[in-house]
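Visitor: Kindly generate the complete structure, drawing on both the sequences and the hints.
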Amino acid sequence: MAKRIDVSGLTAYYGSHKAIEDISMTVEPRSVTAFIGPSGCGKSTFLRTLNRMHEVTSGGRVEGKVLLDDEDLYAAGIDPVSVRREVGMVFQRPNPFPTMSIFDNVAAGLRLNGSYKKSELADVVEKSLKGANLWNEVKDRLNKPGSGLSGGQQQRLCIARAIAVEPKVLLMDEPCSALDPISTLAIEDLIGELKERFTIVIVTHNMQQAARVSDRTAFFNLSAVGQPGKLIEIDDTERIFSNPSVQATEDYISGRFG
Amino acid sequence: MSHAAAVADKSPSTLQGASLPRWSPWAIAAGSLALALVIGLAGGLDSKVQWGLIAGILFILGTFGIAAKVEGRRQAKDRVATSLVWVAFLLAVVPLVSLLWTTIQRGVKVLDVYFLTHSMGVVADSEAGGGIYHAILGSLEQVGLATAIGAPIGILTAIYLVEYGRGGLAKSVTFFVDVMTGIPSIVAGLFILSLMLMLDMQPFGFAGSLALAILMMPVVVRSTEEMLKLVPNELREASLALGVPKWRTILKVVVPTSIGGIITGVMLAIARIAGETAPVLLLVFGNPFINANPFEGAQASLPLYIYQQYSQSAGSTAAYDRAWAASLTLIAFVMILNMVARGIARWKAPKTGR
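Just so you know, the sequences run in chain order P and U. Residue numbers for the first sequence follow this note's numbering, so the first one is 1 and each next one is one higher. Residue numbers for the second sequence follow this note's numbering, so the first one is 1 and each next one is one higher.
Think of the hints as simulated: they come from the structure by calculation, not from any bench. For every residue, glycine included, the Cβ atom is placed at its ideal position computed from N, Cα and C.
Just the calculated beta-carbon pair ranges, DEER-fashion: (1) 191/U to 63/P: 45 to 53 Å; (2) 14/P to 268/U: 34 to 42 Å; (3) 169/U to 63/P: 23 to 31 Å; (4) 14/P to 232/U: 15 to 23 Å; (5) 246/U to 130/P: 30 to 38 Å; (6) 14/U to 59/P: 49 to 57 Å; (7) 118/P to 152/U: 29 to 37 Å; (8) 199/U to 14/P: 52 to 60 Å; (9) 232/U to 38/P: 23 to 31 Å; (10) 242/P to 14/U: 54 to 62 Å; (11) 196/P to 178/U: 53 to 61 Å; (12) 59/P to 338/U: 39 to 47 Å; (13) 198/U to 76/P: 48 to 56 Å.
Anything over 12 Å on all C-beta distances counts as not near chain P; from chain U, calculated: (14) 14; (15) 20; (16) 33; (17) 62; (18) 137; (19) 197; (20) 199; (21) 297; (22) 337.
Mimicking DMTMM-like on lysine to aspartate or glutamate, the simulated pairs with C-alpha atoms at most 25 Å apart in a straight line are: (23) 171/U to 55/P; (24) 168/P to 237/U; (25) 195/P to 72/P; (26) 252/U to 55/P; (27) 229/U to 163/U; (28) 65/P to 21/P; (29) 230/P to 71/P; (30) 252/U to 234/U; (31) 252/U to 126/P; (32) 229/U to 104/P.
Guide: Okay, structure coming up:
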């Protein structure tokens, strides 16, 4: 199910501005990879290149290769819509569809893609909500609007929505930054469970979170404001947080700069 | 109050200042009204409008003077701003209410079931009797057809501009929509008339619909555009990230989220064209008989009927009464449309309840 991601020589632009430069890394299947680094270093931009969401922004374009189990996402003839069905995404702010009920939100991916059997829909929704640890909280009000849930519940609803289409990879862009510690814990536990089935990449500003949930950690940095962000190093999380091989990583992790 | 006063006795507070009692704006309003009455009577001013304006000015000046004396300059300015808003509100509402009142008062005289279900076919304009059935029918058909043409084109144009439009084409479309917003209705009518003359056609209802559709489109484009822009980008991204194609994202996520506002915009555009007289006069011509076919032969319409009852009846009271009743019907029609729009907007609005 889960797939490996191989990135080589990836550079992304916003118009003429180079946001990230020459990034190469491998993301192992059935693992959690965390991206850390200061604001503006291109973590989110890089994440969005992994399911071709970067080009949705006006002026966004990409050079380089992203291999998803040996298939280049940026090769000619690849349909970005199909890519996004394989590589799902959870955003920083919970964004359930306001016109839809909880049930419809989870079913949205299947319904809007038109590829589902009516009889299976309820099962998929239940399975996804259980997978997102939300089922017990919402099973009695599946027909209520999703926007009536709390922030943490909404974010888990968005995760349920993302895993309902059975992606191979799940990208999470600071999924807990708008949530309180208890909701954050719920989502971190969830990430631990989800990595059994998916390849997970998570962007976070919270270094304890990266240390808690991830198997591997990538540190991004930029040399100066306006310069493109670069991958400094990627290694096992334990090594990054105990004995990183680059001085800049250690400075960032221990709170020393410059 | 007494407690506050006791505290103030102990240590004079810098936070507490003298303040006017709550009823003071009403008292000042009553005072300025009375004064305006005196000035008006003494000065021999005939116009009640002048009296009202004097009262308004006195109210603002009085508020400032009294508040400045008791409370200080900053509070006085605050109160003046408040009273300015109130006076402006009243100035805006008074003509509206008086228009509505006059129309209802004069309109109900002949407005009954008979009036709504009969035409002017065998009734001369100067005689009593007759009705507006033919005009209601014509209005509904012309406005309905205009909406069927104008609303889809307008909504699709707005979707193009917001979701797809980049570069020169989008800019020029926006520019022409802006230009179209400013087209006087008579010009739209003349445009269609010139086509009709070229093709040697007689007036008919659908020609009016075409002109009305031209007038309606820019209004629909503008309002729909604004509504679509209000849809957060995060929703589009959420849908795209699920692997939903862009066109389905627009159809199933963006438009449903803003459908309430879009419908309201369309209804307001309908309300605007329902009262148009000039293009209808040129293109539909008017007809005292019932003509249910908008594609052949002259038709009537409500605004046209009102105009013709006034202009062609040589001052007959019966015709005036009919014109007022038709005006009342037209206002009621537009109001009902607005209410329906509000209802739909509320019904379709994104739910927030738990």
